[in-house]
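If you read the protein sequences in the order shown, they are chains D and V. Position one of the first sequence corresponds to residue 1 (the numbering used here), numbered consecutively onward. Position one of the second sequence corresponds to residue 413 (the numbering used here), numbered consecutively onward.
Read the hints as simulated data drawn from the structure, not as lab findings. The C-beta atom is built at its ideal place from N, Cα and C for all residues, glycine as well. Careful, some of the hints might be misleading.
[Said to hold, decoys possible] Covered by chain D, according to a simulated footprint, are these stretches of chain V (three or more residues, beta-carbon under 8 Å): (1) 470 to 478; (2) 490 to 497; (3) 500 to 508.
Number of protein chains: 2
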Amino acid sequence: MPVLVMKFGGTSVANIDRIRRAAKRVGIEVANGYDVIVIVSAMSGETNKLVSYVDDVSPLYDAREYDAVVSSGENVTAGLMALTLQEMDVPARSWQGWQVPVQTTSAHSAARIEAIPSENIMAKFSQGMRVAVVAGFQGVSPEGRITTLGRGGSDTTAVAFAAAFDAERCDIYTDVDGVYTTDPRIAGKARKLEKISFEEMLELASLGAKVLQTRSVELAMRFGVRLRVLSSFEEYDETAGTLICAEEDIVENKPVVGIAASRDEAKMTLVSVADRPGIAAAIFGPLSEHAVNVDMIIQNIAEEGRTDMTFSCPIDQVKRAEKALNEAKEKGEINFHDLIADTEVAKVSAVGIGMRSQSGVAAKMFQTLRDEGINIKVISTSEIKISVLIDRKYMELAVQALHDAFELEKAS
Amino acid sequence: MPVLVMKFGGTSVANIDRIRRAAKRVGIEVANGYDVIVIVSAMSGETNKLVSYVDDVSPLYDAREYDAVVSSGENVTAGLMALTLQEMDVPARSWQGWQVPVQTTSAHSAARIEAIPSENIMAKFSQGMRVAVVAGFQGVSPEGRITTLGRGGSDTTAVAFAAAFDAERCDIYTDVDGVYTTDPRIAGKARKLEKISFEEMLELASLGAKVLQTRSVELAMRFGVRLRVLSSFEEYDETAGTLICAEEDIVENKPVVGIAASRDEAKMTLVSVADRPGIAAAIFGPLSEHAVNVDMIIQNIAEEGRTDMTFSCPIDQVKRAEKALNEAKEKGEINFHDLIADTEVAKVSAVGIGMRSQSGVAAKMFQTLRDEGINIKVISTSEIKISVLIDRKYMELAVQALHDAFELEKAS
Chain D
1 MPVLVMKFGG TSVANIDRIR RAAKRVGIEV ANGYDVIVIV SAMSGETNKL
51 VSYVDDVSPL YDAREYDAVV SSGENVTAGL MALTLQEMDV PARSWQGWQV
101 PVQTTSAHSA ARIEAIPSEN IMAKFSQGMR VAVVAGFQGV SPEGRITTLG
151 RGGSDTTAVA FAAAFDAERC DIYTDVDGVY TTDPRIAGKA RKLEKISFEE
201 MLELASLGAK VLQTRSVELA MRFGVRLRVL SSFEEYDETA GTLICAEEDI
251 VENKPVVGIA ASRDEAKMTL VSVADRPGIA AAIFGPLSEH AVNVDMIIQN
301 IAEEGRTDMT FSCPIDQVKR AEKALNEAKE KGEINFHDLI ADTEVAKVSA
351 VGIGMRSQSG VAAKMFQTLR DEGINIKVIS TSEIKISVLI DRKYMELAVQ
401 ALHDAFELEK AS
Chain V
413 MPVLVMKFGG TSVANIDRIR RAAKRVGIEV ANGYDVIVIV SAMSGETNKL
463 VSYVDDVSPL YDAREYDAVV SSGENVTAGL MALTLQEMDV PARSWQGWQV
513 PVQTTSAHSA ARIEAIPSEN IMAKFSQGMR VAVVAGFQGV SPEGRITTLG
563 RGGSDTTAVA FAAAFDAERC DIYTDVDGVY TTDPRIAGKA RKLEKISFEE
613 MLELASLGAK VLQTRSVELA MRFGVRLRVL SSFEEYDETA GTLICAEEDI
663 VENKPVVGIA ASRDEAKMTL VSVADRPGIA AAIFGPLSEH AVNVDMIIQN
713 IAEEGRTDMT FSCPIDQVKR AEKALNEAKE KGEINFHDLI ADTEVAKVSA
763 VGIGMRSQSG VAAKMFQTLR DEGINIKVIS TSEIKISVLI DRKYMELAVQ
813 ALHDAFELEK AS
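Bound conformation, chain D alone (with noise of 0.2 Å):
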């Protein structure tokens, strides 16, 4: 029989009684004629509570200590999901990770898939099991350690499988209905998107649009995984969420599929940096070693030997970036005057596949801003994004005016 996976989330756990309306759709699938395999989250808060134990004990905590226990939510939702096929007579059993097993690196708490022996599971399917239960987010490391895949892990288990079971999709649901054109709280107009292609999905999902882990989508898009994102409390239908899928399956061709904004940047600034052959080498070497992640670059024109060099990086990240820059300057490896961290900024990006082929998209953007009087801080481009730096303030005029610039509200 065909395999599909489900993967369903933590608001969609939450309870005994979400757990039975999830595993009701899970049925509804079995008499479709799938082999399902069900991936599961913790109960919305479970996981929570169990960091905060972590954090309250050991603030600088043993990672494959907290794998140990923040893992241990997902077992429990895998055992009532079994449970509850089980009382609706749908042949089912939980799979926790280490028995699969879910084979990672000895990456704690960020590991990584490296293989999902599927025997044991297709071996149950053909004696008549027709759901296996497993516990998202956690694998076993070669040293037979618990491992998790880091926040949002649970997608990335769902897609792992998908592609290690050839399985025909790989349905997440959660508490959205799909993927917008842009975040429906900053714009009213924003509309669910019926198809994306993996790319977009991935430029969206890492610029901040929070429906995914980046990474089940990268894997997915290696993989070739159909992946469709739906709500667990609305009416199912056949069309119901957004597909995520190869770029041939995408009829559809407009040069912006969607605006993705995110507060979590900040905009640092070097000021009066010598400026001299190797000097981006020496300021984003040890920004690199201390872990943070650089995004946008912008350098000015140097005069008199010395030049701005700007850079936006996670709010999160700005104390760890003044150290390495700090220490570099100690160390006398790079010269600044200044260091200035803009914690005030916002990044808006316009995502599309189809820029590659309609020119004009980034002019139209930087006239839309300009029209909003919004003043553009730092620029950067790749084949199918453009994102700008803003201040704060403006990103909710900024989304809703590039929204309407490209006609986003219309399907078509």
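Starting from the known structure of chain D, arrange chain V on it as the hints suggest.
Structure of chain V alone, referenced to chain D:
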């Protein structure tokens, strides 16, 4: 280094502060030169919460899934305890049941430990780790599924580790400071025992003194594990708690060491049973098949080929017992006029190894009860125990009177 096993029950690890307190005790034993195996229960309330989830989902649950769910509480505590010890600079790590592995039978929810390979943990001890924190109550079946050992199973885990690692002692930290001559809530004069023999503890444990899981005492007796019960809430000293040990190690030799009382009994009477050879088998066979634990049995002298048969069983098995006997009657296997269940009874027992060599204990017990005007309904005796079934309303009075009569408030 010598190995010590320390087990902390749910109330001793109920929150982070208590885990810290328990960890401090562990740290002291490490400083004393022990390699320590710590067995932890779930934080108090957690297992009940998980059990209620399962009951809510599925009244007739699959015990394999039940075990997968309810075992998760211990995993959380184990990780948190290891982190807390690390914070105190004590080299520690956690083990879940399957990681040791604690090999059990497949009797889910009531599994028995079959083997505990010591190599993994011993290897870590030899590499400098000082504390192995092990999740109690759980193991893994030959099929690789998670099992649990029944409520209170962490005590059994602790004793089994003490046996497997040839530990010097197994300390059970709980919310009471030892084993008492009787329930202090019933008799204010109850006195904490310094030592008690395995045999006596076994009688007391199975008679309703809920300090230790019966199975753990059996195991300790079989493997000669010196077991100590003590409070995690009191100042520690060398003589804290009660030592449960072999008879030879006890000097004190009173005929009675403790009075146990249990409200969870029911008296069942089969009125006017046709008396014939094999009638006892015909009655108790079906009861055994329906998993009714018959305790005391009394058969009246037959008159005109008919007799009354009385037995006691746990109060929550009365329905099952009635079903078993009525079915047997319908099948014509037994014949009786009436079946009367009396659930307003209590069992009171006097326990002591000394009664083997000292006569007159039974006589003194019966006389004491008579002096208080308490009618004895059923009597049963073993080598080191005399039990009587009485009206429940007299239970406290009987316990107090017997405690006085045997002078249990005095140490010798």
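Structure-based check of all given hints:
1. 470 to 478: holds (count 6)
2. 490 to 497: Holds: 6 residues of the region 490 to 497 of chain V have a Cβ under 8 Å from chain D.
3. 500 to 508: As far as the region 500 to 508 of chain V goes, the hint holds, because 3 residues have Cβ atoms under 8 Å from chain D.
Consistency with the previously given hints is maintained throughout, with no hint failing.
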